[in-house]
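So the protein sequences, as listed, match chains A and B. For the first sequence, my numbering gives the first residue as 2, with consecutive numbering after it. For the second sequence, my numbering gives the first residue as 10, with consecutive numbering after it.
Bear in mind the hints are in silico, worked out from the structure with no lab data behind them. A hint or two may mislead.
Label pairs and their in silico Cβ distance ranges [to be verified]:
{"#": "1", "chain 1": "B", "residue 1": "65", "chain 2": "A", "residue 2": "713", "range": "54 to 62 Å"}
{"#": "2", "chain 1": "A", "residue 1": "686", "chain 2": "B", "residue 2": "86", "range": "48 to 56 Å"}
{"#": "3", "chain 1": "B", "residue 1": "14", "chain 2": "A", "residue 2": "724", "range": "21 to 29 Å"}
{"#": "4", "chain 1": "A", "residue 1": "685", "chain 2": "B", "residue 2": "102", "range": "17 to 25 Å"}
{"#": "5", "chain 1": "A", "residue 1": "685", "chain 2": "B", "residue 2": "37", "range": "56 to 64 Å"}
Computed footprint of chain A on chain B; a stretch qualifies when at least three of its residues, placed anywhere within it, have a C-beta under 8 Å from a C-beta of chain A [claimed, not checked]:
{"#": "6", "region": "24-32"}
{"#": "7", "region": "79-93"}
If you want a taste of the chain B side facing chain A, the calculated C-beta under 10 Å gives, among others [what the hints assert, rightly or not]:
{"#": "8", "residue": "36"}
{"#": "9", "residue": "74"}
{"#": "10", "residue": "76"}
These numbers were taken from a predicted model, which means no experiment stands behind them. Glycine included, every Cβ here is placed at the ideal spot set by N, Cα and C.
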Amino acid sequence: MQTELPHTGHPLADSVARFVWLLPALPLLGFALNGILALRAAATPGPADPTAASHDAHAHVAHPSGDGHGHDDAAGHHVARHPSASLVSLIGPGVLALTFGLAVAILFAMRDLGDAMHAPYVQTLFAWMPTGSLSVDVAFQLDQLSMVMVLIISGVGFLIHLFSVGYMQDDPGYPRYFAYLNLFVFFMLLLVLGASYPLMFVGWEGVGLCSYLLIGFWFSEKANADAGKKAFIVNRIGDFGFLVAMFLMFANLATLSFDGVGTAALELPMGGTLATAICLFLFLGAVGKSAQIPLYVWLPDAMAGPTPVSALIHAATMVTAGVYLVARSATLFSMAPVAQLTVAVIGALTAVLAATIGLKQWDIKKVLAYSTVSQLGYMFVGVGVGAYTAGVFHLMTHAFFKALLFLGSGSVIYAMHQAYHATHNHEDAQDMRNMGGLRRHMPVTFGLMWIATLAIAGIPPFAGFFSKDEILSSVFARTHGSTLADASWLGIPGSAVLYGVYALGLAAALMTAIYMTRMMLYTFHGPNRTGELERGHLKEAPWIMTGPLVVLGLLSLVGGWFNLPAITGGALGPDEALHHWLEPVVGASTAIVTNGEAAHLSHGTELALIGAAVLIAAAGIAIAVFRLKPADLKPAKDAPAEQGLEKTLLNKWYVDEAYDKAVVRPTLGISRIVLWKGVDTGLIDGLFVNGTGLLMRAFGWLGSQLQSGRVGTYAWALLLGAIAVLSAFSFR
Amino acid sequence: MLAESLALSALLFTIGVVGVLTRRNAIIIFMCVELMLNAVNLSFVALSRLYGATGQVFVIFVMTVAAAEAAVGLAIIIAIFRHRRSVNLEDINLLKG
Chain A
2 MQTELPHTGH
12 PLADSVARFV
22 WLLPALPLLG
32 FALNGILALR
42 AAATPGPADP
52 TAASHDAHAH
62 VAHPSGDGHG
72 HDDAAGHHVA
82 RHPSASLVSL
92 IGPGVLALTF
102 GLAVAILFAM
112 RDLGDAMHAP
122 YVQTLFAWMP
132 TGSLSVDVAF
142 QLDQLSMVMV
152 LIISGVGFLI
162 HLFSVGYMQD
172 DPGYPRYFAY
182 LNLFVFFMLL
192 LVLGASYPLM
202 FVGWEGVGLC
212 SYLLIGFWFS
222 EKANADAGKK
232 AFIVNRIGDF
242 GFLVAMFLMF
252 ANLATLSFDG
262 VGTAALELPM
272 GGTLATAICL
282 FLFLGAVGKS
292 AQIPLYVWLP
302 DAMAGPTPVS
312 ALIHAATMVT
322 AGVYLVARSA
332 TLFSMAPVAQ
342 LTVAVIGALT
352 AVLAATIGLK
362 QWDIKKVLAY
372 STVSQLGYMF
382 VGVGVGAYTA
392 GVFHLMTHAF
402 FKALLFLGSG
412 SVIYAMHQAY
422 HATHNHEDAQ
432 DMRNMGGLRR
442 HMPVTFGLMW
452 IATLAIAGIP
462 PFAGFFSKDE
472 ILSSVFARTH
482 GSTLADASWL
492 GIPGSAVLYG
502 VYALGLAAAL
512 MTAIYMTRMM
522 LYTFHGPNRT
532 GELERGHLKE
542 APWIMTGPLV
552 VLGLLSLVGG
562 WFNLPAITGG
572 ALGPDEALHH
582 WLEPVVGAST
592 AIVTNGEAAH
602 LSHGTELALI
612 GAAVLIAAAG
622 IAIAVFRLKP
632 ADLKPAKDAP
642 AEQGLEKTLL
652 NKWYVDEAYD
662 KAVVRPTLGI
672 SRIVLWKGVD
682 TGLIDGLFVN
692 GTGLLMRAFG
702 WLGSQLQSGR
712 VGTYAWALLL
722 GAIAVLSAFS
732 FR
Chain B
10 MLAESLALSA
20 LLFTIGVVGV
30 LTRRNAIIIF
40 MCVELMLNAV
50 NLSFVALSRL
60 YGATGQVFVI
70 FVMTVAAAEA
80 AVGLAIIIAI
90 FRHRRSVNLE
100 DINLLKG
């Protein structure tokens, strides 16, 4: 196939990079094979899929009746492994390993090129939509930004696939699970490798589909199916924005490829209406996919899916697609300071709001879900202020430590579930009030989770510290001498807005440190609250699950070295490596924002900012350690109800309830009364369908009156008709 | 000669038309239809002097069809008569809408 590809003349065209089409093709192949195995398994008798007899669903407090305990009978035997399980275990992670290997090979090819790699390598496979003035190709764009994303997706994705082999081993839907997971990776790679907005949109919708399928993986529980539906519907609102942005680009810029839009954007007037409108609509798409205010409500519900899915899709990769979209459209955003400020403000508000909710959640996965929303807000602050490198850097480090946190929580839930399963107890295996003291039972998970916690809290030298600090210092640097500071946002001067964003960022950092430490204290420290009988069954997860955790722990530890701040002066290693790497892609856009000046602060200011960030993170941990008393906590079934602000936070500021009252119910009401009863039943059924029938019957009755049945009448009509025709011919 | 033939043809045709329109007896109407057919046959034959033998060929066709039509038409009239004891078209309006 590669011999048919057009030679682009790019220096990469002769290297291993010409196999770039294999990157998405490999997971697609995995999907096809696993899908066939899943369908074949469905046709043969055996353990039935769908199932509710699975770790998360089994543990959920919403259904304590224990329905679906198909294998929980008196004999206590376990469900047999799926017949094709070993083949699936080979294919699922295997294709990801190949993809990651190829990605690394391409990375080295790009590194060898050095400065010659200044333009993206675009591989056109075939013309997709050749229509008039617009022609969209199926083409893959390989540049430094998409390479970073491909490495994160395939690398972290491979580790999560491995973890899943252990986590999902007893699930009757095992092949179906890996089919969906492979399909997700395919669409995600399509999203980041597509060379145009429409192709990116295909991946964008595809990952949305896979997210829906995997959130509702245990769809026999209605709550899970509803969560999937909610994610899908909320995302449609964002996709509307993405589509409108594409229409605007097509109508005004007459191109949809990244390359073309990037060139055309530079011709637009600075801060013009068109650039602002396109950016705001694109950002609406990003808000939906990346769970920002006001469309963040689907992400916490998405935790209904299996925990590795939460790690891969709802923490490390898919939800960061919005950040990637903004970074990919860097040129456009740099021409629209008002849109950029909007991105930064929404990001900062989301970071704080989600962090407040995370403070009081009891479900371990809900804490991590709100933490993800909060950290995504941080990334948007970064890309919003034109610090695209900082945003992508945080995306990367977040993928490491948040995947680790989710997989670690998965390992905890697995152990809790096994323990409750052994004693036929139906308590909630995800409620932190039922945990406590797990450090004695799961030392590996415990240590690695602390690494991730310190990383997300922003303690040096862990990965999160560097990326968070870079975002915050970029915000601070933009308050003077940038296009953002000179712009005005809703009448407020840009620099004042940026100071506000900075303050919100610090507040979010403080709360992040508090709620993460709280989660660690309640889960791993203090006395154990699982139950006397269950305690003996708590044990560390098998190596196939802890192995990926160790790798992610290592990455959370050293991830910051990918982009050390310039202030280190190369003492610890090459500084600003990621910054230099991404320079050809986003450097020019950042330069527009900073008016062409170097973005660096003075050393004194930068040290002060770093000091403030570290102090705040340490203060957050200290507050949690001194204020919270894990020893006083009671198991979920004995716990007193929360009061006041605690109750409000536990109930997520009642945002879901408010949306229900303000949006969902009115929509349903209007749908029922106006659209269904009025338009559908009244107008369409009544007037159009039955009305057409009535009209035709009336004409038919009129026509039937002509049929007298008398031959004489017909003969006269025949004669008159003949005369009329003849005279028409004669007198023409 | 031609003019006279065509005039006779027109006269016969008119008699046929008037008969069909004014009479009520199915047999007579049937005979009037035959008259119209033969009026046309006459003009075919007359015009074939000008335009060649095609007209005469057509006459053969018309006569064949007329014979077939007579067989079918008379059979229908006899069937109607057996049912209704009448061949008056005033009495027959089964196809009224």
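| said: Quick check on a hinted range of 48 to 56 Å for residue 686(A) and residue 86(B), using CB atoms only. | reply: Hint holds: Cβ distance 52 Å, inside 48 to 56 Å.
| task | Can you let me know if the beta-carbon spacing of residue 65(B) and residue 713(A) is within 54 to 62 Å? | result | Cβ of residue 65(B) to Cβ of residue 713(A): about 35 Å, so the range 54 to 62 Å is violated.
| task | Given the hint of 21 to 29 Å, check if residue 14(B) and residue 724(A) actually sit that far apart at their C-beta atoms. | result | 23 Å Cβ-Cβ, so the 21 to 29 Å window holds.
| query | Between residue 685(A) and residue 37(B), does the beta-carbon spacing fit 56 to 64 Å? | reply | holds (58 Å)
| said: Interface hint check: residue 76(B), Cβ to nearest Cβ on chain A, cutoff 10 Å. Holds or violated? | reply: With a minimum Cβ separation of about 22 Å from chain A (threshold 10 Å), the hint on residue 76(B) is violated.
| Cβ-Cβ distance between residue 685(A) and residue 102(B): within 17 to 25 Å? | violated (42 Å)
| Given coverage of the region 24-32 of chain B by chain A, tested with a Cβ cutoff of 8 Å and a minimum of 3 residues | Since three or more residues must qualify, the claim that chain A covers the region 24-32 of chain B holds, with 3 doing so at under 8 Å.
| field | Annotated coverage of the region 79-93 of chain B by chain A, confirmed only when three residues or more have a Cβ within 8 Å | value | Violated, because only 0 residues of the region 79-93 of chain B bring their Cβ atoms closer than 8 Å to Cβ atoms of chain A.
| task | Would you check whether residue 36(B) satisfies its interface hint, that is, whether its CB is within less than 10 Å of any CB in chain A? | result | violated (13 Å)
| residue 74(B) as chain A interface residue, shortest Cβ-Cβ below 10 Å | violated (18 Å)
Hint compliance for this structure: hints 1, 4, 7, 8, 9, 10 are broken, all remaining hints hold.
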